[in-house]
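There are 2 protein chains.
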Amino acid sequence: MGSLWITGIGPGGPAYMTPQAVEAITRADTLCGYTVYIELVRKALGDRLRKNLTILTTPMRQELERCRLAMEAAAAGSDVAMVCGGDAGIYGMAGPLLAMADDYPDVQIEIIPGLTAAVAGAAVLGAPLMNDFCVISLSDLMTPWQVIEKRLRAAAAGDFCICIYNPMSSRRREHLAKACRILMEEQSPDTPCGWVRNIGRPGQESRLLTLGMLAMEEVDMFTTVFIGNSRTRFRGPYMVTGRGYEDKAQD
Amino acid sequence: MGSLWITGIGPGGPAYMTPQAVEAITRADTLCGYTVYIELVRKALGDRLRKNLTILTTPMRQELERCRLAMEAAAAGSDVAMVCGGDAGIYGMAGPLLAMADDYPDVQIEIIPGLTAAVAGAAVLGAPLMNDFCVISLSDLMTPWQVIEKRLRAAAAGDFCICIYNPMSSRRREHLAKACRILMEEQSPDTPCGWVRNIGRPGQESRLLTLGMLAMEEVDMFTTVFIGNSRTRFRGPYMVTGRGYEDKAQD
Numbered sequence: 001m002g003s004l005w006i007t008g009i010g011p012g013g014p015a016y017m018t019p020q021a022v023e024a025i026t027r028a029d030t031l032c033g034y035t036v037y038i039e040l041v042r043k044a045l046g047d048r049l050r051k052n053l054t055i056l057t058t059p060m061r062q063e064l065e066r067c068r069l070a071m072e073a074a075a076a077g078s079d080v081a082m083v084c085g086g087d088a089g090i091y092g093m094a095g096p097l098l099a100m101a102d103d104y105p106d107v108q109i110e111i112i113p114g115l116t117a118a119v120a121g122a123a124v125l126g127a128p129l130m131n132d133f134c135v136i137s138l139s140d141l142m143t144p145w146q147v148i149e150k151r152l153r154a155a156a157a158g159d160f161c162i163c164i165y166n167p168m169s170s171r172r173r174e175h176l177a178k179a180c181r182i183l184m185e186e187q188s189p190d191t192p193c194g195w196v197r198n199i200g201r202p203g204q205e206s207r208l209l210t211l212g213m214l215a216m217e218e219v220d221m222f223t224t225v226f227i228g229n230s231r232t233r234f235r236g237p238y239m240v241t242g243r244g245y246e247d248k249a250q251d
Numbered sequence: 001m002g003s004l005w006i007t008g009i010g011p012g013g014p015a016y017m018t019p020q021a022v023e024a025i026t027r028a029d030t031l032c033g034y035t036v037y038i039e040l041v042r043k044a045l046g047d048r049l050r051k052n053l054t055i056l057t058t059p060m061r062q063e064l065e066r067c068r069l070a071m072e073a074a075a076a077g078s079d080v081a082m083v084c085g086g087d088a089g090i091y092g093m094a095g096p097l098l099a100m101a102d103d104y105p106d107v108q109i110e111i112i113p114g115l116t117a118a119v120a121g122a123a124v125l126g127a128p129l130m131n132d133f134c135v136i137s138l139s140d141l142m143t144p145w146q147v148i149e150k151r152l153r154a155a156a157a158g159d160f161c162i163c164i165y166n167p168m169s170s171r172r173r174e175h176l177a178k179a180c181r182i183l184m185e186e187q188s189p190d191t192p193c194g195w196v197r198n199i200g201r202p203g204q205e206s207r208l209l210t211l212g213m214l215a216m217e218e219v220d221m222f223t224t225v226f227i228g229n230s231r232t233r234f235r236g237p238y239m240v241t242g243r244g245y246e247d248k249a250q251d
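Keeping their order, the protein sequence lines are chains A and B.
Position 226, counted from 1, in the first sequence is what the numbering used here calls 226; the numbers after and before it change by one each time, with no gaps.
Position 169, counted from 1, in the second sequence is what the numbering used here calls 169; the numbers after and before it change by one each time, with no gaps.
Everything labelled a hint here was simulated from the structure, so no lab data went into it.
As the structure is a prediction and not an experimental result, all values here were calculated from the model.
There may be inaccurate statements among the hints.
Stated by the list, open to error - Calculated Cβ distances over 10 Å to all of chain A for the following chain B residues:
#1 29
#2 55
#3 204
Said to hold, decoys possible - One side of the interface only, derived from the structure: several residues of chain A facing chain B at Cβ under 8 Å:
#4 1
#5 2
#6 3
#7 20
#8 94
#9 102
#10 127
#11 133
#12 136
#13 154
#14 157
Here a beta-carbon is modelled for each residue, glycine too, at the ideal position from N, C-alpha and C.
Kindly generate the complete structure, drawing on both the sequences and the hints.
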């Protein structure tokens, strides 16, 4: 009977990987995950990985198949690290793995959290998520677009700051523009926004811009987008959402 | 001219602290932050901290004063780490510090993200935040209660999973119950929920319970609360929100 460590590696660079994540990955005899995350781990940890490591991977979009492979390997006695980009839970593999855990009662499961793009990307742009916020994925592979639209409207109605995952892909070029137009029914086109691409990895890029400009922006699937609320301001090279200390200080 | 590293240390234990955070804190000649975070850092890093370290701290609720002290020290040439529990940005000190950065153009500022309680606590309970979610603080010290209430209603209307920070304190014993009653106007009282106390620290505790039960629960300010959405289920010892892979597999 083996272990299954569902492991969030953060954005990918070693500076962001927690000791807990490094321990799981370096103890594992089997790594499972998207090829791109396995490569990030190889680059970050190199010689510290075990020799004769077994790599289990499947093509994109075969997540359930990959989860099944990982569980079967752990049930057969391997120590498996399922490598997730960012966090293990947030749009990660913890959900589908735990949903099939009943079938593998002998596998020891541990979930190891990691820095998700909302947290790591916010630090690049300043402090966009200083107050209550929402995280919304614009991918309609798993969630119908009408549900995504309902959530965007709810987020705007609640004056939440918003972090957007999967803002655009080659197959869904128009999603970010549609989302911005929905938000602009409630929010000013001057609302401070920003995006970060390849967070913490070579080629990291970022940009601050208004919501109106964001509606015309071309980004890609490696980009995380931040949309301010009524309290967000540009301050020098940063976007910063007010937390309220400043108001209190004037009381 | 010195540096100011606004540093998220995660929940506090060394297993959760990123190498980036450890580097900032061990390079700093001055640490600034709540006493409780400074103590966590001392326990986690001990001998790795610099000798003759200067500690700058102020009583609770004097956040702006503490930020000003940190900036002044960096402007005078110190290398200062502002130590934040969880993340540097999410309800952390990055916002008020960046808001005063204009006054200190020579200070080199870097924001170092950390594992916030939404991410670290979710990993304890299973996968409650597997899909779109909101983070809401129930503290009305900085945000008027009517804004908090508006956000709770918006989160329920959008069928978001919700992570609640500051659910209760001795001064605000009724906030969590009020929040649950607001959510139950939209959501079933059987909605799976959970809480985690002292995440990743000695004395960590957690509990799974329904939204109806949560409305009668006593928690404290060291507790983070998770409320599921319509797709969240109890599965053995976990709460898990459906991501959609399972439905897709049946298409």
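Going down the list of hints, with the structure as the test:
no. : hint : verdict
1   : 29   : holds, 21 Å
2   : 55   : holds, 22 Å
3   : 204  : holds, 13 Å
4   : 1    : violated, 16 Å
5   : 2    : violated, 18 Å
6   : 3    : violated, 15 Å
7   : 20   : holds, 4 Å
8   : 94   : holds, 4 Å
9   : 102  : holds, 6 Å
10  : 127  : holds, 4 Å
11  : 133  : holds, 6 Å
12  : 136  : holds, 5 Å
13  : 154  : holds, 3 Å
14  : 157  : holds, 5 Å
Checked against the numbered hints given earlier, this structure breaks hints 4, 5, 6; the rest are met.
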